[in-house]
Amino acid sequence: MIARSVALKLIEKCPEIQLICPVLLNNGDEKYEKFIKSTKIIVIDGCMTRCATKLVEKREKKPFKRIFIPDMFKKYGIKLTKKLLLNEENENLAVQIMEEIIKELEEVEVKEILKSSKFETLEFFEIAVDKYHFKVPKEGYYFNENDCWIKPEGKTALLGISDYLQNVAADILFVEFPEIGSEIEQFDDAGSFESSKTVLQLISPGTGKTIRVNKALENNPELMNQDPYQRGWFIEIELKDFIEDGELLMKGLGYFEYMKEKIMKEKNIFEHIESEKNV
Amino acid sequence: MSKNYEAEKQTFMGVPRKIIPWWPTIDYDKCNFCMECDKFCPHNVYAKFDDEKHQLKVKNPYNCVVFCRACAKTCAPDALGFPQKSEISNLIKKLRYESLGD
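For the protein sequence lines, the chains are A and B, in the order given.
Per my numbering, residue 1 is the first one in the first sequence, and the count goes up by one each step.
Per my numbering, residue 1 is the first one in the second sequence, and the count goes up by one each step.
Chain B extracted, bound-state conformation (with noise of 0.2 Å):
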């Protein structure tokens, strides 16, 4: 069953959230595909892709909830990344003041 969360409508800070890039990378060479990310996430961020080399993808990048990292203490080989913190909230800041501006 998919989760559709409109991720067009939806917003942080008042930022709208496809323009923040907050979600999680998967590391390929250290993921052993135990899916363990995807049973923990209940925002359905993740998938699973049986028939495919990488059996596990990031399906709904934007369902990700904006400096959320809990699924990463679910990863025993230790396999997912986000982007810098500091990055992420110095660019939700400046989207917020340049929105002022308009």
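With the rest of the complex left out, here is chain A (with noise of 0.2 Å):
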């Protein structure tokens, strides 16, 4: 029982989690065999004959997490009672083994994405101004005028903010994300950040879904300002028709120019302001 409200739990919280039915696993379902070899597995075994363990373990696949409930009573230090149905305290430790579970998933998630390995060496265009240092990729990256950028790859994009945007945000101490599975419009706000001096939108470059965010940058926030262009991007979307969103977005070398237009009037506008408190 206790194995079971575990996994609906689960479920509940991320809906991305999909169930696995011993019986029709066993049963050779297919669409589960291929199922299996392409994600991490969570087996919950409710007692001694540990059937859903033995039914992975025939697949000669390595679970992600297994957890054996019997083990989690002596964890949590509660008692095992002979009643079928599920007590309050049964309930609650259902409640801890699954927010168990998600901690570590969200940690390995996190950690697959701060490997940087499945990212490119990038070329960029750069600029030095003053202690600043700008850099914009010369190729696979789009931007908008609001200094945010797409990057497609077939029919999904990432998302995120230029060195620009990060320079001027400075330290960037929070990010709010979209909701996953919400629609974005091609400049519609999608997610904010917030830095030690202001609190900035992504003005989305592209038209699509939001599939998924970067976990990573709840905790590691300053990815944004470190690698803005890898490690620090924003949100992935399922593109809707990136030709169309291409007709008000800017190449690399046409938003390094723009950029270093707006750079360099930014300057003008400071050094008289500066000059004005001097006289």
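Worth double-checking, as some hints may not be accurate.
[What the hints assert, rightly or not] Here are the simulated BS3-like cross-link-like pairs (lysine-lysine), alpha carbons at most 25 Å apart as the crow flies:
(1) A:Lys260 <-> B:Lys93
(2) B:Lys9 <-> A:Lys251
(3) A:Lys155 <-> B:Lys57
(4) B:Lys39 <-> A:Lys251
(5) A:Lys240 <-> B:Lys85
(6) A:Lys251 <-> B:Lys59
(7) A:Lys260 <-> B:Lys18
(8) A:Lys262 <-> B:Lys53
(9) B:Lys53 <-> B:Lys39
(10) A:Lys197 <-> B:Lys73
(11) B:Lys18 <-> A:Lys277
(12) A:Lys62 <-> A:Lys103
(13) A:Lys74 <-> A:Lys54
(14) A:Lys260 <-> A:Lys197
(15) A:Lys197 <-> B:Lys39
(16) B:Lys57 <-> A:Lys209
(17) A:Lys40 <-> A:Lys135
(18) B:Lys39 <-> B:Lys59
(19) A:Lys262 <-> B:Lys9
(20) A:Lys9 <-> A:Lys54
(21) A:Lys62 <-> A:Lys40
(22) A:Lys31 <-> A:Lys74
(23) B:Lys94 <-> A:Lys240
(24) B:Lys48 <-> B:Lys73
Calculated from the structure, these hints are not laboratory results.
Join these two chains into a complex; the hints should help.
And the structure:
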């Protein structure tokens, strides 16, 4: 009963988790066979027979995590009762186990994102102004005039902020993502981020559905400052029509020229203000 | 200190900023003149008029960054409105096509 409760609580909390029915799996459901090979498996065994573990082992798959409910009773200092229905203590235990699994999943996801191996080496257009250094990737990225980028990869695209915007924002401390599944139109607000200086929005360069957010930014928002074009990506969307989006976007060189002009204009304004102060 | 962005010369996606009608409108039935938007906006879009009934006004509409609505997030009484984004992006596309034809 507790194993079932943990599983149900997990899918309630994280809809992207899918439940595998041991009976159907045992009957060799093809859909499950493919699914098991391509994903992380969490095995929850409710009793000593450990059916779930055996079913997964039979498929030569190493589970991402194994939960053996009797061990959990010991771990959290709860006594087993002979009653079949779950009492409040059992329900609380199910919640604790569910939270433990989610925490572990999140930690692994963040580590996977932090591994930069999947990012290629980029070539940049670069300019240094006073103590600031600004970079724009030469290829693969498209920009709007709101200093946000989109990097299309087939039917999906990563979105983020430019090096210029991260310099303007200074140290980014908090991020707020749009909801997974939310539809975003080009130039919609696709989340916000807060720095020591201000709150800024990511104004979407593309139209599509949010399919992933960079969870690593929740604990490491500084990645947006340190690596705005790769590890500091913000969200991923499923593109609707990138050809149409492209009509109001600039490629690397075009944005670099636009950015340089903007930096020089701001530098002139700043110098003008400073000179007025000194009069 | 006024921040003059020389709006006459500004463009957005190649379109003169002066012909893009993007700036906030203030709903004076809701505005409580807390001035949070004015404090927030780094582009001097708003200005304070202490001696007037409407103490807050949009003074430099063309300083407003097209598609930016960040100041609305600071507005507790939800008194700030912006144009329909799709209308503005369609207008920009249209103007760009027209200028290509010139």
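Right, here's what the structure says about each hint:
no. : hint                  : in the structure
1   : A:Lys260 <-> B:Lys93  : holds (24 Å)
2   : B:Lys9 <-> A:Lys251   : holds (23 Å)
3   : A:Lys155 <-> B:Lys57  : violated (44 Å)
4   : B:Lys39 <-> A:Lys251  : violated (34 Å)
5   : A:Lys240 <-> B:Lys85  : holds (17 Å)
6   : A:Lys251 <-> B:Lys59  : violated (34 Å)
7   : A:Lys260 <-> B:Lys18  : holds (22 Å)
8   : A:Lys262 <-> B:Lys53  : violated (37 Å)
9   : B:Lys53 <-> B:Lys39   : holds (19 Å)
10  : A:Lys197 <-> B:Lys73  : holds (15 Å)
11  : B:Lys18 <-> A:Lys277  : violated (30 Å)
12  : A:Lys62 <-> A:Lys103  : holds (19 Å)
13  : A:Lys74 <-> A:Lys54   : holds (23 Å)
14  : A:Lys260 <-> A:Lys197 : holds (22 Å)
15  : A:Lys197 <-> B:Lys39  : holds (12 Å)
16  : B:Lys57 <-> A:Lys209  : violated (36 Å)
17  : A:Lys40 <-> A:Lys135  : violated (37 Å)
18  : B:Lys39 <-> B:Lys59   : holds (14 Å)
19  : A:Lys262 <-> B:Lys9   : holds (13 Å)
20  : A:Lys9 <-> A:Lys54    : holds (23 Å)
21  : A:Lys62 <-> A:Lys40   : holds (9 Å)
22  : A:Lys31 <-> A:Lys74   : violated (36 Å)
23  : B:Lys94 <-> A:Lys240  : holds (21 Å)
24  : B:Lys48 <-> B:Lys73   : holds (19 Å)
In this structure, the earlier hints numbered 3, 4, 6, 8, 11, 16, 17 and 22 are contradicted, and the remaining ones agree with it.
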